[in-house]
Amino acid sequence: MQAYPDQFDPGTFAEWALTRAHPGWLGLQYRAHGDDWCELELPWRADLVGDEAMPVLASGPIVSLLDMAAGMAIWVSARAFRPVATLDLRVDYLRPSREHAPVCARVTCYRRTRTAAFVRGSAHDGDPADPVAQAAGVFMMLDPHRMVPA
Numbered sequence: 001m002q003a004y005p006d007q008f009d010p011g012t013f014a015e016w017a018l019t020r021a022h023p024g025w026l027g028l029q030y031r032a033h034g035d036d037w038c039e040l041e042l043p044w045r046a047d048l049v050g051d052e053a054m055p056v057l058a059s060g061p062i063v064s065l066l067d068m069a070a071g072m073a074i075w076v077s078a079r080a081f082r083p084v085a086t087l088d089l090r091v092d093y094l095r096p097s098r099e100h101a102p103v104c105a106r107v108t109c110y111r112r113t114r115t116a117a118f119v120r121g122s123a124h125d126g127d128p129a130d131p132v133a134q135a136a137g138v139f140m141m142l143d144p145h146r147m148v149p150a
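Each residue of the sequence shown is one higher than the one before, starting from 1 at the first, in UniProt numbering.
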């Protein structure tokens with residue numbers, strides 16, 4: 001029995017993963033992908049606001065958005081699902097998003113080795129040329145054949 005499919009389909013994956021656990025609670029939505037990138041959206045919600053005096057999305061959910069988009073970019077690039085672990089994710093929060101605005105993140109996997117994947121991307125609230133945050137990260141790629149069941 002094979003634990004993971006040979007091909008990674010981000011649309012099908014999003015229907016399952018983005019409706020469960022933390023991504024599901026945040027309401028992350030799949031938007032698009034290319035050969036080495038994936039784009040997700042974080043809709044605006046009042047309970048994701050950090051300061052009630054300023055109705056903009058808090059930085060924490062934006063970091064989660066970038067992290068999930070990074071994982072999906074790795075799987076799109078590899079054309080297969082392999083478990084990954086975030087080793088280092090640097091997020092430079094440049095400015096608050098617009099009030100009541102959703103935030104989109106596009107992350108590219110620009111290099112993969114046997115055990116690591118390197119990503120970079122940005123999040124914006126409508127204009128990709130005016131980002132809310134920039135990200136760069138390194139993820140460990142795990143070999144499912146070497147994983148020991150609990």
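Think of the hints as simulated: they come from the structure by calculation, not from any bench.
Be aware that one or more of the hints could be misleading.
[As the list claims (entries may be wrong)] Quick list of simulated restraints, FRET-style, between CB atoms:
id, residue 1, residue 2, range
1, Ala-78, Ala-21, 17 to 23 Å
2, Gln-134, Ala-78, 22 to 28 Å
3, Ser-59, Leu-87, 16 to 22 Å
4, Met-147, Gly-126, 39 to 45 Å
5, Arg-20, Gly-126, 24 to 30 Å
6, Gly-27, Arg-111, 28 to 34 Å
7, Glu-15, Gln-134, 43 to 49 Å
8, Arg-82, Gln-29, 41 to 47 Å
9, Leu-94, His-145, 38 to 44 Å
10, Gly-126, Asp-51, 17 to 23 Å
11, Thr-115, Trp-25, 28 to 34 Å
12, Arg-90, Thr-113, 18 to 24 Å
Every value quoted in this text rests on a predicted model; they were computed, and no experiment measured them.
Beta carbons are placed, not taken as given, at the ideal position from N, Cα and C, and that holds for glycine.
These are the hints, each one checked on the structure:
In this structure the hint that Ala-78 and Ala-21 lie 17 to 23 Å apart at CB holds, the actual value being about 22 Å. In this structure, Gln-134 and Ala-78 meet the distance hint of 22 to 28 Å, their C-beta atoms being roughly 23 Å apart. Distance hint for Ser-59 and Leu-87: a CB-CB separation of about 21 Å, consistent with the stated range 16 to 22 Å. Between Met-147 and Gly-126 the Cβ separation comes to about 41 Å, which falls inside the hinted range of 39 to 45 Å.
For the pair Arg-20 and Gly-126, the beta carbons lie near 28 Å from each other, so the given range of 24 to 30 Å is met. For the hinted restraint 28 to 34 Å between Gly-27 and Arg-111, the CB-CB distance of approximately 31 Å keeps it satisfied. At roughly 29 Å, the beta-carbon separation of Glu-15 and Gln-134 lies outside the given 43 to 49 Å, and the hint is violated. A beta carbon spacing of about 23 Å between Arg-82 and Gln-29 contradicts the range 41 to 47 Å that was offered as a hint.
For the hinted restraint 38 to 44 Å between Leu-94 and His-145, the CB-CB distance of approximately 41 Å keeps it satisfied. Distance hint check: the CB atoms of Gly-126 and Asp-51 are about 21 Å apart, consistent with the given range 17 to 23 Å. For the hinted restraint 28 to 34 Å between Thr-115 and Trp-25, the CB-CB distance of approximately 30 Å keeps it satisfied. For Arg-90 and Thr-113, the Cβ-Cβ distance of about 19 Å falls inside the hinted range of 18 to 24 Å, so the restraint holds.
Against the hints set out earlier in the document, violations occur for numbers 7 and 8.
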